[in-house]
Amino acid sequence: MSATSVTPVHPPHRVAILALDGVTPLDLSIPAQIFSPRAETPYRTTVCGLGDTVVTTGGFSVTTGGGLDDVRTADTVIVPGYEPGGELLAKPSDEVLDALVQAHERGGRVVSICTGAFVLAAAGILDGLHATTHWLHSDELERNFPSITVERDVLYVDERDVLTSAGVCCGIDLCLHLVRRDLGAAVANRIARGLVAAPHRDGGQAQYIPAPVTVAGEASLSETRDWALHHLDEPLTLRTLARHARVSPRTFMRRFATETGTTPLQWLLSARISKARELLETTDQSVEQVARACGLGTAANLRLHFRRSLNTTPTAYRRTFTR
1 MSATSVTPVH
11 PPHRVAILAL
21 DGVTPLDLSI
31 PAQIFSPRAE
41 TPYRTTVCGL
51 GDTVVTTGGF
61 SVTTGGGLDD
71 VRTADTVIVP
81 GYEPGGELLA
91 KPSDEVLDAL
101 VQAHERGGRV
111 VSICTGAFVL
121 AAAGILDGLH
131 ATTHWLHSDE
141 LERNFPSITV
151 ERDVLYVDER
161 DVLTSAGVCC
171 GIDLCLHLVR
181 RDLGAAVANR
191 IARGLVAAPH
201 RDGGQAQYIP
211 APVTVAGEAS
221 LSETRDWALH
231 HLDEPLTLRT
241 LARHARVSPR
251 TFMRRFATET
261 GTTPLQWLLS
271 ARISKARELL
281 ETTDQSVEQV
291 ARACGLGTAA
301 NLRLHFRRSL
311 NTTPTAYRRT
321 FTR
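Sequence positions in the sequence shown follow UniProt numbering and run 1 to 323.
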């Protein structure tokens with residue numbers, strides 16, 4: 001599985017959302033909303049299909065604005081999840097698969113949300129790669145496409161020019177990740193705030209959380225997470241976080257994993273890198289100052305984590321995304 005790379009886009013960036021019959025309405029609306037035209041984004045988004053309309057799983061029809069020619073020439077192609085005729089593995093037409101292969105071969109970025117991974121798999125685009133899909137269908141994807149390494153406990157997988165997300169709402173995380181790659185953290189965070197969505201959930205978090213709602217008698221740890229985001233420049237230990245939540249460290253660890261699908265330390269590191277990205281984009285603070293402000297201590301430590309997470313350096317990142 002490749003490390004995340006920074007790949008800024010240049011306007012206009014054409015996004016084709018391939019809507020097949022049986023498309024899941026939420027899967028379709030997520031990229032349509034996130035890649036909708038804005039003053040600060042270069043995206044030109046078209047919903048594409050085999051005809052003028054496509055029938056969703058909700059029983060209503062959506063009018064398409066483009067066809068397979070738009071898919072072939074797009075800079076980014078997104079395939080939302082679908083359930084054609086109730087049979088997940090109903091193979092799309094050869095015409096659809098050929099259009100996806102042509103888009104990929106000419107250098108386009110190809111993305112799937114949820115069960116859209118089955119379409120990319122049928123086209124052979126996922127052969128030899130790591131990929132994910134809805135946790136309910138992971139075994140099915142692995143069984144029918146053994147050349148794919150299926151990642152079960154992640155929100156999304158980034159293989160540079162091929163990306164796949166887990167079930168439904170994980171498409172939000174993946175699409176925001178794409179904006180972050182293309183345009184930087186500041187723009188992605190502004191879009192996330194407009195959607196009232198979490199600005200950054202790392203792809204390595206678990207997609208299936210056993211208890212996504214608070215257990216009766218237990219208060220959510222969201223207040224402590226929010227407090228931590230405003231104190232990233234301080235030494236935040238597990239004991240410090242547990243004390244703020246008024247629980248034991250052991251209870252805090254268990255409930256944090258249940259609510260977020262990750263560990264407190266992994267969550268903190270992700271939050272600190274995200275803050276560092278935004279500071280590099282929006283301020284003229286030195287790399288050393290940014291490292292201290294986001295709680296990573298030294299410029300050397302910041303460089304280490306940038307190299308591991310983003311395959312670049314803080315200075316190169318700033319040069320790429322400073323407006």
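Simulated from the structure, these hints should not be mistaken for laboratory data.
A virtual CB, placed ideally from N, CA and C, is assigned to each residue, including glycine.
Be a bit skeptical, because a hint or two may be false.
Claimed, not checked - Derived DEER-like restraints, expressed as beta-carbon distance ranges:
(1) 95 x 250: 48 to 58 angstroms
(2) 249 x 51: 33 to 43 angstroms
(3) 237 x 161: 33 to 43 angstroms
For each hint, the structure was consulted:
1. 95 x 250: 48 to 58 angstroms: holds (56 angstroms)
2. 249 x 51: 33 to 43 angstroms: violated (58 angstroms)
3. 237 x 161: 33 to 43 angstroms: holds (39 angstroms)
Going down the numbered hints, you'll see the structure goes against just number 2.
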